[in-house]
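A.B. asks: This is what each chain is made of:
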Amino acid sequence: MSFRTKVFLSIAATAVLSVWIVAAVVSTLVTQSFERRDAQRTAALVNQFQREFDRRRVEVARRVEAVTDSDDVQRLALNFGGPADTSAYFAEAQTLAQEQSLDFLELVGPDATIISSAEWPARFGYKEDWLTASSGWKSQGVFLKKEDLADGEALGIITVRTVKAGDGMLYVAGGRRLDQEFLDSLPGAEGMRVRLYRQTDQVTRVNSDATVTAIPLRGRDKQLLATLVIENSRADLVALKKYIQGTAAIVGAAGVLLGLVLSFWTASRVTRPLRGLASSVREVAIGNWDTRAAVSSSDEIGQLARDFNGMTEQLVEQRDRMIQAERVAAWRELARRLAHELKNPLFPLQITIENLQRARDASPEQFDEVFRESTSTLLAELGHLKTIIGRFSDFAKMPAPELEPVNVNQIVREELQLFEAQLQAPGGPPVKAILELAEDAGEVPADPDQLRRALHNLVLNALDAMPHGGGLVFRTTRHDNKVAIEISDDGDGLAPEECDRLFTPYYTTKQHGTGLGLAIVQSVVSDHKGTITVHSELGKGTTFRIELKA
Amino acid sequence: MRLPVWACLALLSSVPIAQAKAATRPHYGGSLTIELSSAWSTLTESSALSIPITETLVRLNARGGIEPALCVAWQHDPDLKRWRFSLRQKVTFHDGQPLNGASAVPSLLGALKGKYADVSIQAGGQAIVIQSGEAMPDLLADLASPHAAVFRQGDANSLTGTGPFRVTAWEPGRRLVVAAFDDYWGSRPYLDSIAIEFGAGHARPDIFDIPAGPARRILPEGIATWSSAPRILVAITGPNANPVLLQALALAIDRAPIVNVLAQRRGEAAFSLLPQWLTGYAFLFQSAFDVPRAKQLVSQLRPGPISLSYPANDAFLRSVAERVALNARDAGITIQPTSTAGILRLGELPLQSTDAATELARMAATLGVGHIDSSKPDTLYEAERTLLDRVVPLAFLRETYGIAPRVHIESSKSDAFALHLDDVWVQP
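From first to last, the protein sequence lines stand for chains A and B. The first sequence begins at 1 in the working numbering and counts up one residue at a time. The second sequence begins at 1 in the working numbering and counts up one residue at a time.
Excised from the complex, chain B in its bound form (with noise of 0.2 angstroms):
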């Protein structure tokens, strides 16, 4: 799926700071510092921090536009069911192996293979020919999705691509240093290293992630701010749980506290799965803060004391979790949130790409349900109003970083949705 004009110019409005020097020429060379609060246990975590190790066949541009990335040209039979794609000429692996249809096939076969179950890839020098018995409309979305990457999997430690960055050591939780790939096919990032550091204890980061939550962090003099467009859903999932629970939970949580307060004005309320700038319908799903409605509902339930899970050492949840608790006590509801497993489960569902049914598929996915049709928009938004019977929305979260004054950002490829790091120049 596309995504909209309207949905890009949200996007491109919603970047914050931008500090995008226009003045100060970029300068190649130096290394990048990065502090993050949250460990990342894979290479493929998703996070506004993009660091491009591997790229996909094709990319969503900022207006939302499907765009050659590793392949030049694409073709497909009247039925969709068969696309040939071409791939990109004197593309190398950070292993030096050359990029080619044998050596693409694997991690492209891994990534459609659950959403199209008898899928089949043919390759033959630089093409590459996919095979389904259906029609593969979203095809193109999908292989721009990062899950569609194409890789060579090394050992454990490593993640071999053929993006701008390579991996030079890979700590899980710890640390990750990549280092600027000098074969790339494309332009050369400006950075030469970058080294990320999980956990606080950096003296003085580049980059460090502003964590939602009631920690507050005091901010150096001259930092800048970043923040992503809204891409993290808060929600509490209950697929075992009573829908009509979930309805009364709903209705009785008051959103607004929680975003103000709780995640200090980093997001907007959620109602839906997917937010307003990705879907354009959002809005239909609002509902007002109700407890006499909620208490309606819970009087024909008489519901019995509910656990409520929350990650563990999360205090940002955890505190979200306790206010829910209070909201849904004052309709009747008992939520006894515990950090161990419970009925319901508060989390984050980060969104992983700006296309609005991979990402509805996606979540369907984790919530158990099959396949969703999400080949038009309404249909996409029925799909999404049947999810919301497992779900309750509380907010989408953005991500937010503090900058160094060092650190210059590119608008070539950044929007709101990721930071490129090969966009990321620093001032000697």
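Isolated chain A (complex conformation) (with noise of 0.2 angstroms):
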């Protein structure tokens, strides 16, 4: 993630969260006193239910003492004195309670049959035994009931009266619905719907803006009939909360917005020297050491830059006196190198001549012997030495590669060819070679002559590594678009610690070597852009394996 995103989403993020906090806030304090307000309208309209349902019980109660009082029930009670035909009867209930404005009124016999039915007036002959069962409602004088009804039940206010009828009782039960027309009647405030459930109603679903609240209605027998609902719209909560939400959704945005001018302004400010810096470490990394970062601020940022700089200046200056150390160290190697393999040949000549003084002051007669046999052995030590300055101008004078097609395959051959006679020679020992070349091998750009050079080298490597004979392998190999040629000597192998030095320049295992040879094809495989690795195992032998790109 970029650092100008980061402060994109920083300034964004601290700007959204600012503006949710104080939204939520508001919006909370707005919710709190929304409910505080619900609940003093829900108390009072509450209050006006309870006293407006106690004004229809002493309405109820005196309609049904009417009724009680009638003569029409008085002259029903008067029919109970003898055998008693109450048939005429059976309308009875509705006309009376039309009278009396009653939605209920039953007419029910001393044996707690119905005689007259006003609210299912086909109930007639049908048993009202909680009149005769017990006497439980007299105390509770109006008391709620569920009344059954043709389509359904209904919720009444109920009393009952009794006159004398013969050796019982006439029942006189009436009352009034208490259902949503009533309910209507109540003086609500705006916003405000009182709905009366019933057991068995089915409860539809409550506004969701709205706060409920639902007051238990129970009966004689304290059985819960139904639930009175009080709903408070929260419409105004509501709209109020979403202008809130609203707001804040557009200032959010504008916060958005400006974090996200801010974030480029800032990046801009920022990161350019950042940048800049950046692009300096790449250049030093890729070998510009002499690269500097742009100090364009006295912050951190530009303590960091001129920090920058003065790293690059000691490691220039540390690279400088690093280079000069390895050049003295070059030169004494070379001169230690030289010379040890100077002073071999100069010992014998020294001798020689001095031979040679000694013969011709002390033997005349012998002096022309000891100089034919001190010239030949000058002129083999000067050969010697003639031999050694030669490698070390081979060494110094490595060119660079003039690269063409060169078939892999076909250089190694030919460099086998010019070991045929040495590997064949009577008396020297028995070398096999052994050639495992790939067909697909083809070629690969490259110097024919440094790559026989280095084939050469070696070859003479693997032959001296075998003093006894052994198997000397040729393999070439194709893959990922490389070819390898691999040397391979079943010889007595090298330490791990030989192995990481084998390449050093002037670094030998052998008595009579100069340390150039692996050193010279390390050079020439490293010209080609190629790689050479070796892998060797004490008493297993060594395989050499160069790798070039095809």
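Because the hints were derived from the structure by calculation, they are not lab data. Be careful, since some hints might not be right.
[Unchecked claim] Dumping the calculated DSS-like pairs for lysine-lysine here, alpha-carbon to alpha-carbon at most 30 angstroms: (1) A:LYS432 / A:LYS540; (2) A:LYS222 / A:LYS127; (3) B:LYS295 / A:LYS146; (4) A:LYS549 / A:LYS529; (5) A:LYS146 / A:LYS164; (6) B:LYS295 / A:LYS127.
Please read these numbers as outputs of a predicted model, since none were measured by experiment.
Join these two chains into a complex; the hints should help.
C.D. replies: Now the structure itself:
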């Protein structure tokens, strides 16, 4: 994630979070305020309901009393003085209920048989056992009761009066509906809705934008008959909340937009020197040690640029010192090697010359013989010196490779031919050459002379490693657009630490080696953009592997 | 089918009041006002109030026997396929046209075609010959039915018959006025005219109906009542309903409260299509009010809500429908009374004649059942039993009328089946 993105996200998140917190706090305070108002309104409505309910109770009691005292009911009661025929009265309750504006009215005989029912005229002859089963309703005066009707159930404010009828009682049970119409008559505040749910009612979905208060309504046996549900509309609250949320969204969006602008501005101010510094770092990394970062400010980033510049200057100085030291070391090594290499031939030369001097002084008659012998020795040693100097000259004069397509297998075969005479020479160590050349090895871009020279040195190295003979394997492979040439011997092998120093110039494990052979091989391979590796195990042999791009 | 002797006795014994003030001599003249709560839409409505505007060739007497009316004699071949009737001489229609074979044929043919598809009637002078490819053993009973009345069809508001009363004013559903037909071939009726008003409104009618139902009418001082024999069947019909469901419904309905309370004892419980006084075997259909058995039947059916229609504005039938729904609910059947069309229909099926076979055939036609064999009492019983798969009888109702003190009924023709207004006279 870029610095600019991080800055943008930080600013945007800060803005949005701040706005959200403010909106949440305001919203919560508004909600609490509305809830307090709703609670007050609900309490007022419940009180109003209770007052209206009490008023209706009194009214129902008065009207049922009037029905009880009516001539029709008294005449009906007198019927029970003898054999009662109440069939003529089966419609009486409807008339009386209409007169007294009662929704429910039943005239019930002493045996609990309905004589007449206003709310369900067809129910005459059925029983109202609750009237005779218990007299608990007497103590309650007016009570809530669930009434069965032809089209379902209804809730009523009911009271019961009795009239002496023969040896028993004539029951007059009447009342009024407690229904939605009753509830609608209650003065409610705007946005309030009152509903009555009976046990059998299917509860309709309550408006989700409303707070709901449920008040249980119980009957004469304390059983739950219905629930009074008061809904307070939260439309105003919801609208206000939406307004707050909308405003917060707008402010939040503005914050995001501001964050976007600020992030671009900040990023351009902050990251420009950082990008320059990063570019300088990359330049240094690829070797441009003279690169310097621009110092455009005095803040931390400016200090960082200054430190970076100081660091690179120190690195350059250290590099120069290291190069100088390496040069000195190289010259010392070269001098030491030269001194060592030249010292050996020079000592016989000095002895020979001193012998010549002594022979000319002490034995002039033998001087000629000594002279001949000494001159031949001198010539041999001078030839040795010339060889040593030639090798150093070759290493020094390593030219740049002239690349051309070279058939790898052909080069290998030609190199083997150069050594066939030596390998087959009688008296020499028995070395068996083995060719394992891949048919698809193909060609590589290479300088054929330098490549032959590298292979030559490797073969010589392998033969030196097998003084008592062995197997010399030439192997070529092609893989992933690379061609590998391996030359293996089954000599004594090398220790790991020897492998590590093997390509160091002038390092040799042989008594007569110059330590330049493998260095020349590595130089050739390196000039061809290739790689050379060595794998060796003590007692098993050594394999050199050259990989060149095809 | 002739009315059995015991049925005649039953009819006679059921005449309730017959305020026959035998000590008072009948008085000719005067007008009678009648107020009926239900409106007539045609002049052939079936009612216990018999206004003889038309007549039939033969008629049933008080003992249920066939006696001549517009014809004076008849004879038939041994196969009962060819009947010859001799019409009464010097009979005229209300418009003055003489009654002869040709003028009687159209109305007779219309009445008989429904029962005898290939019937043909030839007329010659005062004789008519009725022929059919099938035997017509009940032809006399058919001809005694009010449906076989002889009349001349005039305009839409007129019915021209040969009876003792002629129509002078007819406003369907509102008013009917008839007057004595001075050229009537028989004895002149006592009354000069009769005015019938449909719907309440008349201050002091001489005769008014007391409909069944909860609307009780306090009878004024001196008002007597006349009740017919049970002649209106209140029943639930359901030609397309499951017979088992109807059986369960029949078991679930307690008929006694319907008769005693809703009908205010103006009838009797019904378990058959024809009343006991008409067939003599109706008691065989009587079954007990058996809710557990009804529940058992319902449990096999698991029926959904069933609508039960009743005539709109008929408070009595509405209360019966509500009672039926209440009883049915106890048995687990949900009945929904409605004044619109329903699967089941609650209605009144008034008897139109005192011939059981004729009535059963008419009911069978009403229920969509074809020809029934009514040649013998046992086949009649079987036919009725079959029809009961489609009907739940509830009650047979009487027609009850209030009679003002000045109204007198002679008993020469009137029986418990009908109150013949040509037998009524009024005190001046």
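A.B. asks: So, for every hint listed, does it hold in this structure?
C.D. replies: We went through each hint and held it up to the structure:
1. For the suggested pair LYS432 of chain A and LYS540 of chain A, the alpha carbons sit about 16 angstroms apart, so the restraint of at most 30 angstroms is met.
2. Distance check on the hinted pair: LYS222 of chain A and LYS127 of chain A sit about 22 angstroms apart at the alpha-carbon level, within 30 angstroms; holds.
3. Taking the CA atoms of LYS295 of chain B and LYS146 of chain A, the gap is near 26 angstroms; set against the 30 angstroms cutoff, the hint holds.
4. A C-alpha spacing of about 8 angstroms is found between LYS549 of chain A and LYS529 of chain A, which places the hinted pair at or below 30 angstroms, so the restraint holds.
5. Among the hinted pairs, LYS146 of chain A with LYS164 of chain A is consistent with the structure: their alpha-carbon atoms are about 26 angstroms apart, no more than 30 angstroms.
6. With a CA separation close to 20 angstroms, the supplied pair LYS295 of chain B and LYS127 of chain A stays within the 30 angstroms bound.
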